[in-house]
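Novice: Given next are the chains, with one letter for each unit.
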Amino acid sequence: MLEIKDLHAGFEGTEIIKGVDLTIKKGEVHAIMGPNGSGKSTLSKVLAGHPDYEVTGGTVTYEGKNLLDMEPEARALEGIFMGFQYPVEIPGVNNSEFLRMAYNARLLYKDPDAEEIDPLDFEEILDAKMKLVEMDHKYKERFLNDGFSGGEKKKNEILQMAILEPKLAILDETDSGLDIDALKAVSQGINRLISGENAVILITHYQRLLEYIQPHFVHVMSAGKIVKSGEKDLALQLEAQGYDWLTAPAT
Amino acid sequence: MKPESPKQGASLEEVLEDQNEYKYGWTTDIETDKFRKGLDEGIVRAISEKKNEPQFMLDFRLKAYKKWLTMKPPAWPNVNYPPIDFQDISYYAEPKPKKKLESLDEVDPEILRTFEKLGIPLDEQKRLSNVAVDAVFDSVSVATTHKKKLMEHGIIFCSISEAVGEYPELVEEYLGSVVPAGDNFYAALNSAVFSDGSFVYIPPDTISPMELSTYFRINTEDTGQFERTMIICAENSYVSYLEGCTAPQFDTNQLHAAVVELVTLDNAEIKYSTVQNWYSGDRETGKGGIYNFVTKRGKCQGEKSKISWTQVETGSAITWKYPSCILQGDKSVGEFYSVALTNGLMQADTGTKMIHIGKDTKSTIISKGISADKSSNSYRGQVKVNKGADNARNYSQCDSMLVGDKSSAHTFPYIESANSSAHLEHEASTSKISEDQLFYFQSRGISRENAISAVINGFCKEVFKQLPMEFAVEAEKLLSLKLEDSVG
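Just so you know, the sequences run in chain order A and B. Once you know that position 190 of the first sequence is 172 in this note's numbering, the rest is easy, because the numbers rise by one and skip nothing. Going from the second sequence to this note's numbering is simple: count from 1 and add 12.
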């Protein structure tokens, strides 16, 4: 589904990603772990097409297409979903209207002759999905992320994922800033969305998210590279030993 | 092999690039009768004579002219422009041939086509069924629709020239009663030379069965447009009035100095909405565009009366305009809802004045300023509570949104209270459309143009919901168009 080869990318002339290779297949859940500043979040932004990040080398192929040639909205419409670490607040834009816009954009992309879903029909879908992520209905009529608590912002990201049903979800530090109840709710929401038909990249600093979501593969990033890949037990090893044994310069 | 870096969407600045494609910038090729340039007593007399005005009108004009000669243009607005040569402007232009029009059939078809092209069809079959339109072309009103139907309700809706002839006693009673001839430099100029405009009288106990509207079109180069609008709403009556404006694209500046006077008697309400889209000049050089120096004021003369101003200001090179309310009647209510968008090199200094005189008077001010490119957008508002205005209340909210980093937003609130029972609240905020917000939309599959309009419409929502439905849709489209033209 996704094939990253020798990817180099940076921000304002500074190279942050220094040669990443990663292959992800349908039905797989990958966790990318690593210390702060290792390039995990940058990788997610490059994959989503954030304009501030510049790709300086390598290729990314998504379902046979050159992902790096696609506009951010085209990537989204082709089934890539980015769950933000810090979802931006957009005052004035109603949350459910925003969700409906996104839903309709995808609907019309799949079938240009389709009719947009009206607010009433959409409400039914929205209610069901909100239940799935255990989100209070009052957030429907609030402005997008505006004044949401950290936990509600993250739930709102997973709600969007539930509505857009992506093929590939990249979840950047979805667990950060969550208390244990919110973490459980968010993880449960993600688990319900994982199927054999899609793939998930979980970017996380801590192992605790992986107590709730079982990854098939764990990768450790350090200084812009994947320095170790393994299965779930690698996460446990990291929890016990920290990152130092992987990130310390070779002697 | 080194791949190309990902092709990212146009930058916000690029998105805003071509908004200068002003789609109303064409002119109508028609013969006009235009006065020689310059202003003196002879011109003032000639305008009055041309319009066969009664003596009181000539006296009003001459008094205003003499007052104007002693006045100077205001220097306090936060705008910069070279001094205007008032002798280099023609003060009257009208489409030929001049004769009294009995029906629409006699209106020059070229003019009818002009209005149709502007989306304002005037002829019987195509005209809007729920809106009566007074179409003003350069200095004269060329047609008013639905006049007969309105007359069945006793509602007078006609050009002000016609009102001077047909209802002189009403005009004499109210003309200058809200904006006196010598109120300010441009109001004095208008009072001396005003050519046409709309006149509305709603009799007691009457709810207007349709929206009334005036569409202003400046066509001729080097002319000033000085229209005057008067709306009088008698006891227990209601009217909603809309105003729209466009002008062709010229390299020279055109002066538009209008005066609008509103009067509400007991329990009456006037809702006055404007969508202003005058040509704003070249976006890069600032060449050309309309100078929009307008005095709009309403007097809530009667008890429990209400005047509500809603404006969407998207054009003009320079805007200088403060629709105001004098809350004279006890329990009267004044409202001001405004969206002012500036881009290119536009400068706007706009806001309102709420003067509380009566007891238990209430006013609301909601102002939304959007500044893009190198434009400057100022809100200037005054809330004044007089000594006798017990329990006056005001709520003001002024929000600014910056697009890009070269534009500026300013807020100048003035609050004066001479009564300790007054309750005044003021809130202000400044925000920015950020790349991160747009990227958030895009990462959900929503295009940049839709993202920009969602953010802008969200910002302006409180004002748009005050507009009559058709106008709200128009205003939304207009703002999106101004901010998105080059995306693609």
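Do not rely on the hints blindly, as some may be mistaken.
Said to hold, decoys possible - Computed beta-carbon distance windows for the label pairs:
#1 489(B) x 198(A): 48 to 58 Å
#2 41(A) x 446(B): 22 to 32 Å
#3 61(B) x 101(A): 54 to 64 Å
#4 170(A) x 219(B): 52 to 62 Å
#5 166(A) x 489(B): 21 to 31 Å
What the hints assert, rightly or not - With a Cα cut of at most 27 Å, we get these calculated DSSO-like pairs of lysine-lysine:
#6 84(B) x 365(B)
#7 122(A) x 84(B)
#8 477(B) x 120(A)
#9 477(B) x 122(A)
#10 122(A) x 444(B)
#11 84(B) x 120(A)
#12 166(A) x 47(A)
#13 47(A) x -13(A)
What the hints assert, rightly or not - Which residues of chain B face chain A? A partial, calculated answer using Cβ under 8 Å:
#14 98
#15 449
#16 462
Since the hints were made in silico from the structure, they are not lab data. The beta-carbon is built from N, C-alpha and C at its ideal position, and this holds for glycine as well.
Novice: Does each hint fit the structure? Answer for all of them.
Specialist: These are the hints, each one checked on the structure:
1. Checked against the hint of 48 to 58 Å, the pair residue 489(B) and residue 198(A) passes, with Cβ atoms roughly 49 Å apart.
2. Taking the beta carbon of each, residue 41(A) and residue 446(B) are about 30 Å apart, inside 22 to 32 Å as hinted.
3. Separated by about 60 Å at the C-beta atoms, residue 61(B) and residue 101(A) satisfy the suggested range of 54 to 64 Å.
4. Between residue 170(A) and residue 219(B) the C-beta distance comes to about 57 Å, which sits within the given range of 52 to 62 Å.
5. Taking the beta carbon of each, residue 166(A) and residue 489(B) are about 46 Å apart, not inside 21 to 31 Å as hinted.
6. A C-alpha spacing of about 21 Å is found between residue 84(B) and residue 365(B), which places the hinted pair at or below 27 Å, so the restraint holds.
7. About 55 Å separates the Cα atoms of residue 122(A) and residue 84(B), which puts this hinted pair outside 27 Å; it is violated.
8. Taking the CA atoms of residue 477(B) and residue 120(A), the gap is near 22 Å; set against the 27 Å cutoff, the hint holds.
9. With a CA separation close to 20 Å, the supplied pair residue 477(B) and residue 122(A) stays within the 27 Å bound.
10. Among the hinted pairs, residue 122(A) with residue 444(B) is consistent with the structure: their alpha-carbon atoms are about 24 Å apart, no more than 27 Å.
11. A hinted pair counts as satisfied when its Cα atoms are at most 27 Å apart, and residue 84(B) with residue 120(A) does not qualify at roughly 56 Å.
12. For the suggested pair residue 166(A) and residue 47(A), the alpha carbons sit about 36 Å apart, so the restraint of at most 27 Å is broken.
13. Restraint check for residue 47(A) and residue -13(A): the C-alpha separation of about 14 Å stays at or below 27 Å, so the hint holds.
14. Because the smallest distance between the Cβ of residue 98(B) and any Cβ of chain A comes to about 43 Å, over 8 Å, the interface hint for this residue is violated.
15. Hint status for residue 449(B) relative to chain A: holds, with the closest Cβ pair at about 5 Å, below 8 Å.
16. Hint status for residue 462(B) relative to chain A: holds, with the closest Cβ pair at about 7 Å, below 8 Å.
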